[in-house]
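Protein chains in written order, with the numbering used here: chain C, 1 to 226; chain S, 1 to 102.
These are computed hints drawn from the structure, not numbers from a lab. Everything numeric in this text was worked out from a predicted model, so none of it was measured. Honestly, I wouldn't trust all of these hints.
Now the in silico label distances, taken between C-beta atoms and shown as ranges [unchecked claim]:
#, chain 1, residue 1, chain 2, residue 2, range
1, C, T49, S, R14, 31 to 37 Å
2, S, R15, C, L109, 49 to 55 Å
3, S, T58, C, G35, 25 to 31 Å
4, S, A87, C, R42, 36 to 42 Å
5, S, A19, C, S173, 42 to 48 Å
Derived contacts from chain S toward chain C, CB cut-off under 8 Å, selection only [claimed, not checked]:
#, residue
6, L18
7, P42
8, L100
Using N, Cα and C, we set each Cβ at its ideal position, and we do this for glycine too.
Take a look at the letters that make up each chain.
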Amino acid sequence: MRKYYLSPLGPERMHIPDGFLDLWIAVVCAVLAGGTLVAAARRADGDLTDTTAPVLGIVAAGLFAAQLLNWPIPGGTSAHFVGGAFAAILLGPHLGALCVATVVTIQALVFGDGGLVVLGANVLNMAVVEVYVGYALYRLLAGHNEFVAAFVAGWLGITAGAVAAALQLGASSAFAYELVTTVSIMGIGHLLLGLIEGGITAVVYRYVADARPDLFPTATTTEVAA
Amino acid sequence: MSVASDAWDRSWVRRSLLAIGALVAVSPLFAWAAGRVGYAEPLENAAERTGAMAHEVTYNPGLLPDYTIPGVDPLVGTFVSAVVGTALTLVVATAIARLLAD
């Protein structure tokens with residue numbers, strides 16, 4: 001029995017452990033993730049001041065704490081809030097990516113949640129794919145309905161991250177190159193679990209948007225301008 | 001862009017930290033509930049289906065392996081992990097943000 005099952009807390013098992021990915025795939029993912037984060041840091045330059053810097057810390061800490069809450073679902077699975085799309089909507093995609101990458105890296109280094117060699121892949125899936133896909137969907141739909149846009153961003157953002165992980169795993173020898181199996185199990189699984197992610201994303205978004213509408217200039221430009 | 005261009009007043013920061021503290025405080029309860037229900041995530045299901053389980057290795061168990069303290073009650077370990085992890089994330093992310101702000 002693996003230690004995953006012994007842990008009372010296993011956060012979202014999109015965290016790939018060491019040994020699951022072929023080395024070349026892990027290296028390619030690390031290069032892609034690292035390159036994206038460097039670009040994100042450059043693009044985010046100027047978005048932060050000494051006064052607003054703590055915001056990134058607070059959102060990152062909030063995501064870490066929220067990911068600890070594992071909601072068991074009768075029937076043999078569990079779900080919880082990952083928050084990549086939410087971070088992207090609140091902070092913008094570049095700071096959102098840096099925020100989630102910080103969380104994923106601390107989870108791997110301090111808690112062994114996700115492997116060391118495959119850290120780049122986990123960052124790529126959760127801090128890059130999930131964040132940027134979620135943000136793109138939000139921007140695409142926010143003009144029609146912000147609540148629905150936040151829901152879809154959370155739902156399909158996490159599904160996209162899971163499919164990315166499934167592609168990496170399915171192309172690896174440990175998974176016997178069974179790409180169809182990994183993509184179908186993880187894709188469908190997270191498409192269903194992602195509904196909860198989408199729901200929480202939308203509800204938290206609505207709460208924050210009601211409490212601080214000024215934080216969402218893309219959604220409330222006219223009100224802020226007025 | 002977004003929140004980063006808006007100053008957060010101190011009361012908002014305080015409220016956010018209180019909410020995060022509440023999440024940390026209830027984390028052992030969720031850990032207990034999760035422990036009562038046997039469950040598997042899609043990644044685990046895919047690994048079992050393809051025989052990948054045997055390939056898993058652990059190069060770095062971490063200081064608090066799987067959010068526990070070896071030899072200590074799991075729920076206590078969960079709570080300590082939640083406090084340490086949340087505080088560490090807050091400090092590291094804030095430091096990164098300050099570097100970007102310079």
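The hints, checked one at a time:
1. Hint check: T49/C to R14/S, Cβ distance near 20 Å, so the stated range 31 to 37 Å is violated.
2. Between R15/S and L109/C the CB atoms are about 30 Å apart, so this pair departs from the stated range of 49 to 55 Å.
3. Separation of T58/S from G35/C is about 28 Å and conforms to the stated range, judged on CB atoms against 25 to 31 Å.
4. Distance hint for A87/S and R42/C: a CB-CB separation of about 29 Å, inconsistent with the stated range 36 to 42 Å.
5. Hint check: A19/S to S173/C, Cβ distance near 44 Å, so the stated range 42 to 48 Å holds.
6. A cut of 8 Å between beta carbons decides the hint on L18/S: the least distance to chain C is about 11 Å, and the hint is violated.
7. Hint on P42/S holds. Least Cβ distance to chain C is approximately 3 Å, under the 8 Å limit.
8. Evaluation of the L100/S hint against chain C yields a held restraint, the C-beta minimum of about 5 Å falling below 8 Å.
When the structure is compared with the earlier hints, violations turn up for hints 1, 2, 4, 6 and for no others.
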